[in-house]
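The primary structure of each chain is shown beneath.
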Amino acid sequence: MTHAEAPTAASPTASPPAPPLAEAIGLRRDFDVSRPLLARLVAGEGRRRLRAVDEVSFAIARGETLALVGESGCGKSTVAKLMVGLYPPTGGRIRFDGAELGALASRRAQAAYRRRLQMIFQDPYASLNPRWRVRDIIAEPIRAFGLLPDRAAQRARVAELLTQVGLAPADGEKYPHEFSGGQRQRISIARALASAPEFLVCDEPTSALDVSVQAQILNLMKELQRQFGLTYLFISHNLAVVRHMADRLGVMYLGRIVEIGPAETVFATPRHPYTRLLLEALPDLEMTGRARTPVGGEVPNPIDPPPGCTFHPRCPLANARCRAERPELARHGTVEVACHAVEEGRLAEGAALPVAPAAGA
Amino acid sequence: MPLLEVQELRVEFPTRRGVLTALDGVSFAIEAGEVLGVVGESGAGKSLTGAAVIGLLEPPGRVAGGQILLDGRRIDGLPYEQMRRIRGREIGAIFQDPLTTLNPLYTVGQQLAETMLTHLPVNPAEARRRAIRWLEDVGIPGAAQRIDAYPHEFSGGMRQRVVIALALCAEPRLVIADEPTTALDVSIQAQIITLLKGLCREHGTAIMLITHDMGVIAETADRVAVMYAGRIAEIGPVRDVIKHARHPYTVGLMGSIPSLSARVERLAQIDGAMPRLAAIPPGCAFHPRCGHAFARCKSERPELMDAGGSSRAACWLHAADSASAMVAGAPREARPGDARPGDARPGAARQGVADDAR
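In the order they appear, the protein sequences are chains A and B.
The opening residue of the first sequence carries number 1 in this note's numbering; numbering runs sequentially from there.
The opening residue of the second sequence carries number 1 in this note's numbering; numbering runs sequentially from there.
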């Protein structure tokens, strides 16, 4: 897989070697979490907004896998939904193959792009209609986009897709409940591939599966990527899975990307204190009996995020500047990091982090 | 004498279409102060084993055979009231979802005090003092104030800390922890595991740690039991099981876990899926997915046997008299999806299997 040094959207002026297939530019998404009108009037409070995604920018080159990792509530799934258009962004732009998705006015113009990007969801029990036969589930994108008008051709295509994901063509006659979790996820993948997309957004595609089944699905996804030159945006909370899949890696914390770069580099020399603590906190098979360094504290409430760098309450390197001024992504070699401590060189690269502040301290 | 001894445990579920055997011939022991990890995929029977030990099998499930001994005393089939006194006092429990473990209508202090008043000879004032100390011990800041808060006022990680305090406050000698960190974020998981292990070591409490997360097991457990289709496939010291797995299923399971330290192009995978309870294959339940299966595996069920080191595996490859069988019915070709010798970890482990069989 190429480690195409995709240009970062933060510097759109730089002329890229090859234009990225998908691009998020300053993406922002707010959710209204206000209480009902009457309750607000009684309590005399205003509307409350939760910024789930805040100024997120990245670019994904063709054939590449960009993974976004983070803990629950960091906004990674919201990014996935924004990218496929399930949520309209509050601010920022999404570009796909040069065209701006938000600017496409007619449904027809949108459909032309929609066909080329598809999504695989986390829960294979909730994302397949239990009343439809598998062949109809898989054929839905083909019918929706009017790709194959002929029924026989549709049937042949569904059979082909089922074979590609490791199921039998006869399985098309069955209903989703007749399949195990792993097989259902294969059906989801077949459905996503039905419209011959170039870009797949995978939101935690294996987190509902057992490890041995997870291995089957990850292997399948890699094979399909090779076979069809697919581009993946891979959302996961599992760093080991991400390490297996990703060419480039973005680490999210409270709605923002705090570190992004080639996956190998980020795993070998993580720079942002959050990335470092996350990697240290992770249990690994190689580390039997190891005493770990837990990340202290918890993810703050996104409705009321801390000022400055949102990680500062949990960061062992935080100082007054971190508490007041929000760090922006800055380039360090091939990696971009949003951290004052890294920028100022407060901690030598590779040196051990001091012990994190105790929970709640 | 081990603290907990489970012998030939059999759990059945009578259904309209006949009796399903969910656990069959499960035997293991936990010493005082030891951490036994129980791993396996969904449906392998690991949670059921925990539920049987603590006497919380959901009807119509029932213990149909074998026995469970706590300190040499049988605790399976005890009358409800007697079991209730053991539960909490002798055996504590931590479940996956802290929100369903805690009663939303009582403050955490009331719940902790109630547990202690039920099981320990303390008065309400002492119970409250101890409750505050437990909340401090599990790392809840401002314990003296938070004790009067309701479960919903805590975050997920904090709630799981309360659940741990609740499980340990009656000072049980064994804690059954069923997926205690699965519902939590990675960074919180680390905190909870460190906490649980530290507290249990401090109090000499044994833990039966049920999880599907091998990473958690690798770091926490002393010994590990790998379950497959309602039986223990392999049991042994954690290092042996992870580094030198003896059962082909364990080998496949370890190979299928993506590693942080090394990136492989393709994960080893076990094709197929675990059989349903209604259709467990004869002989070794793993044989249809096993690259080493030979005639005996299809007809005769292997029991746990010494497999080299301190590990025991339920696999005919390790039978003293299986060498001839191996030669006669040469193991069929490994399928493309199987672990290949080139793959780093699974390869090394698989080599081990072959060596032992020779």
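No lab work stands behind these hints, which were simulated from the structure alone.
Incorrect hints may have been included.
Claimed, not checked - For lysine to aspartate or glutamate, the following EDC-like pairs were computed, each having C-alpha atoms within a straight-line distance of at most 20 Å:
(1) A:Lys222 / B:Glu202
(2) B:Lys197 / A:Glu280
(3) A:Lys222 / B:Asp271
(4) B:Lys197 / B:Asp213
This structure is a prediction, so every number in the text was calculated from the model and none was measured.
Satisfaction of hint between Asp213 (chain B) and Lys197 (chain B), Cα-Cα up to 20 Å
Within the cut-off at roughly 16 Å; holds.
Taking only the CA atoms, is the gap from Lys222 (chain A) to Glu202 (chain B) under or equal to 20 Å?
Violated. Lys222 (chain A) to Glu202 (chain B) sits at ~46 Å, over the 20 Å cutoff.
20 Å Cα cutoff - pair Lys197 (chain B), Glu280 (chain A)
Satisfied, since the Cα-Cα distance of roughly 18 Å is no more than 20 Å.
Compare the distance between the alpha carbons of Lys222 (chain A) and Asp271 (chain B) with 20 Å, and conclude whether the hinted pair is satisfied.
OK: Lys222 (chain A) and Asp271 (chain B) at ~16 Å, within 20 Å.
When the structure is compared with the earlier hints, a violation turns up for hint 1 alone.
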